[in-house]
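Colleague: Here is what each chain is made of, one letter per residue.
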Amino acid sequence: MIEQLQIKGEWRDGVPILEIDYLPAQMFQPRTSQLLSEKLISQYRSLLAESGLDVPPPACVLVIKATTAGSPLVRAIFAVYEVIHADSGTLFCVNYPVAYLESLTSLGLTALPGFKLMNTLDETLEEARKLVPPIA
Amino acid sequence: MDKVVARLSTIEILGVLAPGFVALIALHAWLRFDLTDVLGPSVSGNSLAVTVTVLIAAYAVGSLLLEWVNAGTRYFMRVQLEQLGRPERLGTSARRRVLDAGVWLMHGMPLPRMRFSFVRAQVMMSEFNESVSHTFESSRFSSPWQRLDMFRKLVSRVSVPNASTVLTAVADAHARLLFMLSLSLTLALIAVVGALLSAVTIVRCHQLSPLLLLVCASGLGSYPLRLVAARYWEQEIILVCSLGEWRTFG
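Residue numbers (the working numbering), protein chains in the order written: chain A, 1 to 136; chain B, 137 to 386.
Derived by calculation from the structure, the hints in this document are not laboratory data.
Treat the hints with caution; some may be incorrect.
Stated by the list, open to error - A partial selection of chain A residues facing chain B, derived with a Cβ cut-off under 8 Å:
id, residue
1, 70
2, 71
3, 78
4, 108
For glycine and all other residues, C-beta sits at the position ideal for the given N, C-alpha and C.
Kindly generate the complete structure, drawing on both the sequences and the hints.
Modeller: Take a look at the structure:
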């Protein structure tokens, strides 16, 4: 089951993008939340390391490919948010499954400063680029 | 009878029975009905039967009030959090705005001040509740303190040092929170009904109704009770979170 958990990372237009995908059953597995959190954070850190930037980027995009969500995903998003927010960055969450959006809102995540819910990757990149300083 | 009452928890007494009694008393004062007529001569002559009937009625009314409070506050919180997260959504239909204003009047209360730690605690409790109960997406259906209450009950499955003292304090804070919210709703309902009756009197008799004083008093009294409830809520969250970090439970 663990192998079904896919997390990819890439840089686009100076913005780090994390992409996450899993099977619906993954949400019921024990330790999924811890695993998801650890993998997402380590992917984000390795993206930072390969960029060689002196300061952390002001924005990060998290794209959710899966069509289901659950408390493990919420916790993982919150864990990544904690890391990014500690560096005064903004986390853009793209494509969060609409059917599960109400639980994310009811937990208060969407109300946090530096956390933005977005619909498409294109509009997110446009928004995120505004935060990234132009390369001299 | 004593055994039945003794079995009721503080939460049931403060959060359900007491507001139910207050609502019944308000209803009695308003409608001025004679209890002997309602219950009939055979029942009203028996003091035990009268006590049991009043207790059941108060419990039923209190339960209804509590469910109303839960549903109303859940809606209020959802709207508040949605607006905080996506301010551009504010431009909604007139019907929705009227509904939101009504809900604010009846259930509006300040969100806990500790924003970051509040969300952290909510995420932690939701995850714990779902992993222990093997349920899915329970956050969608529960009000913030239902989640907290469920966590408080489920956390006793995990061995946490010195948990019982904290859990007792949490239960006390929770009982007071429910009492304040149900009482606040009762006052708000008295204010709304009073306002409607006053309006009818003003239109019919072209004079100010003495009920207006009651409307103002209960309307003004309702919100401060929710402010107090919000403080109890914060207290409850802090106490629950003092039991340990989520990594301890995972």
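Colleague: Take the hints in turn and mark each one as holding or not.
Modeller: Right, here's what the structure says about each hint:
The criterion of a C-beta within 8 Å of any C-beta in chain B is met by residue 70 of chain A, whose closest approach is roughly 6 Å, and the hint holds. Satisfaction of the interface hint for residue 71 of chain A is found here, the shortest Cβ-Cβ separation to chain B being roughly 4 Å, below the 8 Å cut-off. Hint status for residue 78 of chain A: holds, given a least beta-carbon distance of 5 Å to chain B, under 8 Å. Nearest Cβ of chain B to the Cβ of residue 108 of chain A: about 4 Å, under the 8 Å cut. The hint holds.
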